[in-house]
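Undergrad: So the chains spell out like this:
4 protein chains.
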Amino acid sequence: MVGASKTETASGPIRYGMVGGGQGAFIGAVHRIAARMDGEFQLVAGALSSDPERARASGAEIGLDPARNYASFQEMAKAEAKRPDGIEAVAIVTPNHVHYPAAKAFLEAGIHVVCDKPLTSTLADAKKLAALVEKTGKVFVLTHNYTAYPMVRQAREMVQKGLLGEIRVVQAEYPQDWLTEDLAATGQKQAAWRSDPKQSGAGGATGDIGTHAYNLARFVTGLELDSLSADLDAFVPGRQLDDNAHVMLRFASGAKGMIWASQVAPGHENGLKLRVYGTKGGIEWVQADPNYLWYTPFGQPKQLITRAGAGASPAAARVSRVPSGHPEGYLEGFANIYAEAARAIRAARKKNGKPPRDVIFPTVQDGVEGVAFVEACVRSSKKNAAWTKL
Amino acid sequence: MVGASKTETASGPIRYGMVGGGQGAFIGAVHRIAARMDGEFQLVAGALSSDPERARASGAEIGLDPARNYASFQEMAKAEAKRPDGIEAVAIVTPNHVHYPAAKAFLEAGIHVVCDKPLTSTLADAKKLAALVEKTGKVFVLTHNYTAYPMVRQAREMVQKGLLGEIRVVQAEYPQDWLTEDLAATGQKQAAWRSDPKQSGAGGATGDIGTHAYNLARFVTGLELDSLSADLDAFVPGRQLDDNAHVMLRFASGAKGMIWASQVAPGHENGLKLRVYGTKGGIEWVQADPNYLWYTPFGQPKQLITRAGAGASPAAARVSRVPSGHPEGYLEGFANIYAEAARAIRAARKKNGKPPRDVIFPTVQDGVEGVAFVEACVRSSKKNAAWTKL
Amino acid sequence: MVGASKTETASGPIRYGMVGGGQGAFIGAVHRIAARMDGEFQLVAGALSSDPERARASGAEIGLDPARNYASFQEMAKAEAKRPDGIEAVAIVTPNHVHYPAAKAFLEAGIHVVCDKPLTSTLADAKKLAALVEKTGKVFVLTHNYTAYPMVRQAREMVQKGLLGEIRVVQAEYPQDWLTEDLAATGQKQAAWRSDPKQSGAGGATGDIGTHAYNLARFVTGLELDSLSADLDAFVPGRQLDDNAHVMLRFASGAKGMIWASQVAPGHENGLKLRVYGTKGGIEWVQADPNYLWYTPFGQPKQLITRAGAGASPAAARVSRVPSGHPEGYLEGFANIYAEAARAIRAARKKNGKPPRDVIFPTVQDGVEGVAFVEACVRSSKKNAAWTKL
Amino acid sequence: MVGASKTETASGPIRYGMVGGGQGAFIGAVHRIAARMDGEFQLVAGALSSDPERARASGAEIGLDPARNYASFQEMAKAEAKRPDGIEAVAIVTPNHVHYPAAKAFLEAGIHVVCDKPLTSTLADAKKLAALVEKTGKVFVLTHNYTAYPMVRQAREMVQKGLLGEIRVVQAEYPQDWLTEDLAATGQKQAAWRSDPKQSGAGGATGDIGTHAYNLARFVTGLELDSLSADLDAFVPGRQLDDNAHVMLRFASGAKGMIWASQVAPGHENGLKLRVYGTKGGIEWVQADPNYLWYTPFGQPKQLITRAGAGASPAAARVSRVPSGHPEGYLEGFANIYAEAARAIRAARKKNGKPPRDVIFPTVQDGVEGVAFVEACVRSSKKNAAWTKL
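Residue numbers (this note's numbering), protein chains in the order written: chain A, 1 to 390; chain B, 1 to 390; chain C, 1 to 390; chain D, 1 to 390.
Hints should not be assumed to be uniformly reliable.
Since copy identity is lost for identical chains, a pair holds within one copy or between any two.
[To be verified] Cross-link-like lysine-lysine pairs, in silico, DSSO-like; alpha carbons within 30 Å at most:
id	residue 1	residue 2
1	389	78
2	135	189
3	389	82
4	382	135
5	127	161
6	350	198
7	128	161
8	198	161
9	350	280
10	82	273
11	382	350
12	161	82
13	128	82
14	82	198
15	138	128
16	383	104
17	273	138
18	280	189
19	383	82
I should point out that these hints are in silico values taken from the structure, not numbers from a laboratory. Just so it is clear, the structure is predicted and the values come from calculations on it, not from any experiment.
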């Protein structure tokens, strides 16, 4: 049986708090479900909004102990660090510009961090944060959740094992359609902050979803980028950040790639897709149908490998909960990140503890790379799509 | 935003116990994840195996309090009923023949029941259980989990609203391939009890998956069966119960249907599929790709309706957790059954409490119907596929 | 390169005539394109309608020589048999009840016959026709065109080679939606004759499309039928022939099957589909996407075999015209029947000539079997779906 | 009924000849089937190879009259021009570098031309050819065959009618895998000339398939290109022409696009795909499944429009031969080009004759644009992907 034995663990769940994720938010609830799915985490504290009143109301709504329902993350970091039953970890699920100060506060308070992507709103902040993680030695997990889908893990393993041969071409795309019209103008909270440079950083679609596509391509192929050429647009009148990005990639190995990220492509809900082609074969994975992985060894029929089915590899089985044909989805993939975080945090409890070797999660360095990607895209586009290094 | 605000509730989770689901089991872990997903339930007691030693070991493995890690369900029902912090509900996830005695013990102890399908191993037991539920007034939820997928809910709503017109034809199928060879002979626990008449009841594929297909067809269409004609086979030499079932259906309304259930169809992992055709249109839903619902109004292009996307109805949105394009799966569907159970149980706490009108879950009566279906299939097949009423 | 060299042949095309297929007809034009595609046939004569005036007008419209544009098939058979440049073959594309008298006239005139399906409108006629073919020794080709798709040929070859092991289950379906409403009442010619027992015979959907499904299942599996149980309906008020058929099959080998044929299933244009499952693997083929064949060896990933692609067999390549990825369709499949007919006819020119061994086409015996299937379905359904032998 | 009445026409087929397309060729046989499908053309002459001996043998094989089986196109143009029954049109299906001299010879001989793409191997030739077409007034049809698929015609009509609103993004791709290894080194004729700059021109994948993708994008959207940025690679060691092309597009309207063309992408047989997104909706079309067109009006469910089905437009029906659900393919699409050519040629027979207004085919100007695209890609790539105008 695949990983179905995951469940409440003998030693009890890890106590954690949350920054952001209050009323009107999207990703906070996703983190809470993901953290809860395997019984590895228990939410005991929160500062769920930058608005103190909304923070209190949001915490009450989800049943937080009033004593640990904080008005600000600063207050929370300080108070929890002092409690004997204080949180061991914090999930940061705010708009991007808050990631850095919040992560800093908790890391300095000795608390492990699970942080949403992109890492920060500026590359400068990203680098400072990486240094701080290094210095404090705390566990820092970035929720590039798509890397934790079982078939993505398998794709990576297949590349590593050489089944595709030498990689020549990488095609990544991430089209959506929710910003086809000026949604921010209607006051929709998600659209508003995501298209505000002060909260999002320099990238719009590039930062919100382009980073996912880039991260996924790197995760699966292991290729290092040499330079990129980007042509960004903000098609909706008045929009300050890009809503469509065309990017050509040159990898250090000589492989080439393309990324298309768009929020104005009607018909695409959340169309992340990755295709990789090498001298010996190709693979294709589509996020909306995540239990399938197409594999084409050159000169043979296409194979449809299914999660936990015949052909699924140990790397996929390790992060599966139910048998093949019983589809897993977005929340299970997200929960895999939390499951990996739990393993790392439990290992860190021991003196000189290190996570088991098979624990895989996106790190602060992946986050730095992602913010560098966004800023390089913006720089390139401003220079008429000149080739730009990260 | 869809139901993403589901989360820990102010009043705390419902304490529940589990019967069955120990080492080597499949569905027990699924129930535990489903119960945990929305933070509505907390597992505090268990009798996880009919073998006392295995029960203890299994409970220890998942971190049960030793004092509430019972050697038998009888002991558990008795002890929990006496505790001030005793369980409010129990999940019964044993082989079929234990469903009745276990459910009886807990219902009589005043404890709500969530029970796996099929309801019991005999129709006689099923009817006694239905009477007992009626008498005790406790909440009884049968986990025909496929009815809780958002797009199945929408399909049902569309039929109820008349979008398909008068139903003429129902095509349901549930092929699998895991019993293509004699898996029970290898000692595989799942295969062993599912092909043992003493533990499973009269039906093999018919009971294990045919009931799901039949239940789903009835749930979506609301049609009542008049009679059926079944041709059952056990293709694998030595197998005692059917592994392939062909069934023709005649509904009371004049509509007709077919069901194909098989465990010997290579290439099908868990291929539950429902198609319904009426005077005005048709729909198609496939369990392995559950976020999609095909809808074809006669004379118009086919529409692909997506969970939480454009075209998703309130019935679907109500049981969705994440936006469209972020796929939900089997565990989310299963968790919807638990979420409905939680609403019913919370309502039952109040004097004369009734669940809110929009709570939907498979009842003990659905369970009686399911066992009657299995036994009618077996009777029909023994009489050369004679038309047989439930 | 696949069979792309097919083209005008040195010895010139075979002269043929057509009976039926005039204005308002559907399948006549299909036959003409199919006959023309490989340059193997040239249309030189016709009796395109049973109405003499319409026959003349139809022939003029497509450019027939006025001298060979006949008012009736009787006249045509007589006249052409006398001409030194008379037709060598005739295509019969009339409503079903004309097949027998027309075929008789041409066979007795020494002219080869290509005839649309079902063979005749009664089993008695079918048997007489088979005897006549035997007696005359002329080539007789029945256009069960779906057997000539390359991937159907491959499916058959795979079964013959034992790749599926012993066949256990056959699932065939052929849903359409064009008769969901009472189209015949509008005067639509196709609908009118197809739902008229005098022209169609005893079967509606059963005869028009059920025979295709049954023929395809037999062609691919080679199984012999023992008996069937059929439940037929005419859902549209006033319709005289069945528009929906549910059939259970028992093969002589012990294998079981189901056929669903419907003309009232909204969303299905021409949904012929065949699935076969054996002890070693399964296959699936869908007519609307005919260049693909799914193959699942038990315990291995599913393979998508493409026409003329990697994994395509000689049996498929032999009847392919263009490389993989360049989709072939319905007309190419139909043309393969004509290409096989041409090979048989050219072989028959020689004394004691026999077609090459690899020539494959549906014969008059397949036609007898098809009409027997239709009549058995009707008999079974009238006896409450009693098991019935052909 | 859709265009099923197409057939032999009263006035007899158009006599045509062929240049190229002898033994070992691919596209010649395709042209011959396409020309034959609707009975509009009859092949009566040929110069099937640049090698006189192979030309004779090839012509004999397909049954050409020895008197009209020429050793060279020059000879053929001269001789046919003099014959009272000489060819009215010629199909040029040679390697690219022969297109110009051959077309010139026949145009100057007063013979209409159907020519394979790309138009020529150099832009200079292309422009001279365009001038010659203008001067001679003969019909010149370029077989950008993909524009003649019914659903491509419908896509174009939908854009023209404004159903997509203002176009923002165009994504075109054309991956193949047949040159993943060094096929030319094995002596394969197709691979050899296509990767030889002298025969192909400056572009490899760019010229062979990139031009198709670019032409298709322009055909459907009607957008004019402002400039492009291209990054071309020859991944296979020793290959002289590009086998992978990444191109970013800027249209004059402000719309943006990407083209990916590759011959080294394992798993892709002939993966031409076009996606277009506007302010009001999106469409998607895939060549391998050409009977389907996805249409997504923003904020509504996706619609799957099928050729000749509900939702098919007059533009699609006009070039359909069989009803929906009966798939048409590559040859039918190609034949549509010939059918349009026939209408243009018949119209040209009349003094001052012009084709009917609804006749649509790729012209010599489209060909000039295509060769300009190839040369611009090559220029851009040599300048480090600098933005380049055609």
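Undergrad: Now look at each hint and say whether the structure bears it out.
TA: Status of each hint after checking the structure:
1. 389 x 78: For residue 389 and residue 78, neither the intra-copy (40 Å) nor the inter-copy (60 Å) Cα distance is at most 30 Å.
2. 135 x 189: neither (35 Å within a copy, 50 Å between copies)
3. 389 x 82: neither (44 Å within a copy, 65 Å between copies)
4. 382 x 135: Close neither inside one copy (35 Å) nor across copies (46 Å); limit 30 Å.
5. 127 x 161: neither (32 Å within a copy, 51 Å between copies)
6. 350 x 198: neither (40 Å within a copy, 50 Å between copies)
7. 128 x 161: neither (35 Å within a copy, 53 Å between copies)
8. 198 x 161: For residue 198 and residue 161, neither the intra-copy (43 Å) nor the inter-copy (40 Å) Cα distance is at most 30 Å.
9. 350 x 280: Neither: 44 Å inside a chain and 51 Å across chains, both beyond 30 Å.
10. 82 x 273: Neither. Shortest intra-copy (45 Å) and inter-copy (55 Å) distances fail the 30 Å Cα cut-off.
11. 382 x 350: neither (49 Å within a copy, 57 Å between copies)
12. 161 x 82: neither (48 Å within a copy, 58 Å between copies)
13. 128 x 82: within (25 Å within a copy, 57 Å between copies)
14. 82 x 198: Classified as neither; 33 Å inside a copy, 59 Å across copies.
15. 138 x 128: within (15 Å within a copy, 58 Å between copies)
16. 383 x 104: neither (34 Å within a copy, 45 Å between copies)
17. 273 x 138: Neither: 33 Å inside a chain and 47 Å across chains, both beyond 30 Å.
18. 280 x 189: So residue 280 and residue 189 pass the 30 Å test across copies only (23 Å; inside, 46 Å).
19. 383 x 82: neither (50 Å within a copy, 61 Å between copies)
In this structure, the earlier hints numbered 1, 2, 3, 4, 5, 6, 7, 8, 9, 10, 11, 12, 14, 16, 17, 19 are contradicted, and the remaining ones agree with it.
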